[in-house]
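Trainee: Sequence:
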Amino acid sequence: MSYKNSILLGTIGAYNDRFHQFQKPRTFEERLEIAKTIPRTDGVEPVYPQDLGHKGEGVKALKASGLAVSAVNVNVKTEAPFINGSFTNPDPEVRAKAVQYVKTSMDLAADLDAWMITVCPLIDGWDYAFQVDHIAQWNWMKECFTEICAYRSDVKVSIEYKAYESRNHIILPSMGRTLHFCNCVGADNLGVTMDVGHALIAGECPAAELAIAHDAGKLFYVHFNDNDRGADWDMLPASVHIWETLETLYYMRKVGFDGWLAYDVFTRSGDNVEAIDATFEIMEDLDKLLDKIGEDKIKEAIASGVPAQGYRSLIKALL
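Quick note: the sequence shown, position 60, residue 60 per full-length UniProt numbering, numbers continuous.
FYI, nobody ran anything at the bench for these hints, they're computed from the structure.
Mixed in with the good hints, there may be bad ones.
[Said to hold, decoys possible] Straight-line distance between alpha carbons at most 25 Å, and here's what the computed DSS-like set of lysine-lysine pairs gives:
{"no.": "1", "residue 1": "K77", "residue 2": "K55"}
{"no.": "2", "residue 1": "K316", "residue 2": "K292"}
{"no.": "3", "residue 1": "K97", "residue 2": "K77"}
{"no.": "4", "residue 1": "K288", "residue 2": "K4"}
{"no.": "5", "residue 1": "K254", "residue 2": "K299"}
{"no.": "6", "residue 1": "K97", "residue 2": "K4"}
[As the list claims (entries may be wrong)] Simulated restraints on C-beta separations:
{"no.": "7", "residue 1": "T37", "residue 2": "T78", "range": "37 to 45 Å"}
{"no.": "8", "residue 1": "N139", "residue 2": "K60", "range": "36 to 44 Å"}
{"no.": "9", "residue 1": "Q100", "residue 2": "T37", "range": "22 to 30 Å"}
We put the beta carbon where it would ideally sit given N, CA and C, even for glycine.
When you get a sec, could you build the whole thing from the sequences and use the hints?
Mentor: Structure representation (structure tokens):
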């Protein structure tokens, strides 16, 4: 493994859906202390402002923990002002507020020696036909990120795309459109967070999307989890799509990705701390599976182009 493991701190706190609360609430300080006890933890991904505070009140505790920071996750979706959008809100004052959230997060990321923020514009999009002005939305989005990227060229701005949720349709739903958006903005410090689960619900092949993001020079950050492609269930990696997960890890090796991996893994049953510990172990074992199959067998399977030959060879290598 050449990558580094990061814990999304929200995964070891309370988790709510529309019907229930799963897991018990924990303070930011409690989650930091727990993160330090989980083997294979290289760092954490805190959320601004929920973890770090609007004025960075949580930075002192984070620095005192001794934990590295992979990126600062900017939340511009759950607070009341953003109910009708953040970067695409028709109100310019709300758009300015969203931009300021990102700028503050960039300053905090620099202070924490992370030098990267990740933002998922989940509230930006639409639910119905003729609900929004698509031309205006796209232009507002470009204006916001042009200003953001120009604010600090030394901090990477990584966009995490998603097809739907909170909106039925999110303005950046896929790798292709997100890379096009990055190209439109034209900033060297603007790139992509590829969430494997988000790629799956978008009907994408995660390994292929990772490869083209790398080719574009825009693969900044990767989140791992799994789902059934029906919804973003944030399940343990490879619990459903073991071959797709292995293929993604293989292409991470192939392109030489040595950055941070973070894990959106939220568990409804059992202990959520144990789930993160298991996630790290699963990822390590998946790497070992790739080693056991071997580079030659993988290349043979790809070169044959025939699934019957390829999978027979891959599976025999695991026996």
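Trainee: Now tell me if each hint is right for this structure.
Mentor: Going through the hints against the structure:
{"no.": "1", "hint": "K77 / K55", "result": "holds, 18 Å"}
{"no.": "2", "hint": "K316 / K292", "result": "holds, 10 Å"}
{"no.": "3", "hint": "K97 / K77", "result": "holds, 12 Å"}
{"no.": "4", "hint": "K288 / K4", "result": "holds, 16 Å"}
{"no.": "5", "hint": "K254 / K299", "result": "holds, 11 Å"}
{"no.": "6", "hint": "K97 / K4", "result": "violated, 32 Å"}
{"no.": "7", "hint": "T37 / T78: 37 to 45 Å", "result": "violated, 28 Å"}
{"no.": "8", "hint": "N139 / K60: 36 to 44 Å", "result": "holds, 39 Å"}
{"no.": "9", "hint": "Q100 / T37: 22 to 30 Å", "result": "violated, 35 Å"}
The structure fails hints 6, 7 and 9 (numbered hints given earlier, in ascending order).
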